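> One letter stands for each residue in the lines below.
Number of protein chains: 2
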Amino acid sequence: MKLYNWQFAPNCRRVRMFVLEKKLDLPSIEEVVGSGLRLLPAYVDRWPHAMVPMLETDQGARIGEAMAICRYFEDLHPEPNLMGRDALEKATVEMWERRAYDEGMIGTAEVFRNSHPDFVDRGLPGALDRVPQIPALIERGRGRVARFYRKCEAQLKSNDWIAGSRFTVADITTLCAMDFAIFNGMTIPDDCASIRRWYDRVNSRPTAAASQ
Amino acid sequence: MKLYNWQFAPNCRRVRMFVLEKKLDLPSIEEVVGSGLRLLPAYVDRWPHAMVPMLETDQGARIGEAMAICRYFEDLHPEPNLMGRDALEKATVEMWERRAYDEGMIGTAEVFRNSHPDFVDRGLPGALDRVPQIPALIERGRGRVARFYRKCEAQLKSNDWIAGSRFTVADITTLCAMDFAIFNGMTIPDDCASIRRWYDRVNSRPTAAASQ
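Respectively, the protein sequence lines represent chains A and B. Per my numbering, the first sequence starts with residue 335, numbered consecutively. Per my numbering, the second sequence starts with residue 335, numbered consecutively.
Read the hints as simulated data drawn from the structure, not as lab findings. This structure is a prediction, so every number in the text was calculated from the model and none was measured. Be careful, since some hints might not be right.
Derived, one-sided and incomplete: chain A residues facing chain B with beta-carbon distance under 10 angstroms [what the hints assert, rightly or not]:
#1 Glu431
#2 Ile468
#3 Ala470
We treat Cβ as the ideally placed atom computed from N, Cα and C, and that holds for glycine.
So that you can see chain A by itself, here it is in the shape it has in the complex (with noise of 0.2 angstroms):
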């Protein structure tokens, strides 16, 4: 089994810290962007999805989609449950995952791409041809993230994780946006105490810092 990597990508990292949650050893990395922030073209050429991660099984399948991926070892390892015991559970741990997804990690990666130097022409991952980027989303992603930390405080406010009473993947997703968000300079906002007592404790886990 391999995942195709770039270990710098909050996308990826969703995916190992799942996996050492687990108390799954990573599977073999290769990491696949070298200068310029530039998918390697060999990669390119074996999936033109073009974006990371993607997991690679001994059968030969491929699986891109970080979530996607950590369903597959969901699955093939239930415990510990990181994605919900029952239907509700299910339900509420995916609605803050993707909302993490969308807002935390969407948000930041609009600053990011739309205003980093290696990324001019490259404004979407995935897309092969010229995606000019677009200032104005920086401002907008801004504002997406600050809209997000609200929603998570006003979440931890009375909830101890992300998705309620229990680690799951949704904090998971939430942590590595926030990171990202922070790489970015959109630090956790001053009055947010219930983020950062939350992040506190996220951040101790030890899959954080090896996830890193």
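Chain B: place on chain A using the hints.
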């Protein structure tokens, strides 16, 4: 059980078609979009995430995000299975469902939200503060949809259905995304014969019409 709904919204249609494919009755439906294509204030007060769809269970739990609602129904009513049976099929369905959403649905939404006169200063769903439209996203969204069509054509050339050999939720999201694209003038390209064959097959399912 109640589904808070905007009949036109493709994300609501994903849920309605999923429920109908499960051969369940639709939950009681409350329309929450009023004049100017705005969410009713009473709905936003109850559900500050300010998006549709949202499912309220008989016990009062609230689930947002179309796929979280679908997963709730999949767990309660496992047959017919729409989200995959074993680890690899679950992962493959999730990969394609997420792509259909991220590329087809969001690509089209970029065109729609940033060009429609009713969405001036409401460039993003779920944001209650002012989010200006970004005209450059119209062209970027069109490119995203064009790439999504190419990706689906390649997949459907060697597979009867989006995630492989049988109908799944990945087909539902893809149909809803493509119908949204078609409504916005981005019709299936003439040279995408495999998509056209698949589209006719999916679109002739009774649930395709009944969910509209």
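> Each hint should be assessed against the structure and marked as holding or not.
Results for each hint:
1. Glu431: It holds, given that the least Cβ distance between Glu431(A) and chain B is near 8 angstroms, below 10 angstroms.
2. Ile468: Where the cut-off is 10 angstroms and the nearest Cβ of chain B is about 5 angstroms from Ile468(A), the hint holds.
3. Ala470: Holds - the Cβ of Ala470(A) comes within 10 angstroms of chain B, reaching about 5 angstroms at its closest.
The structure agrees with every numbered hint stated previously.
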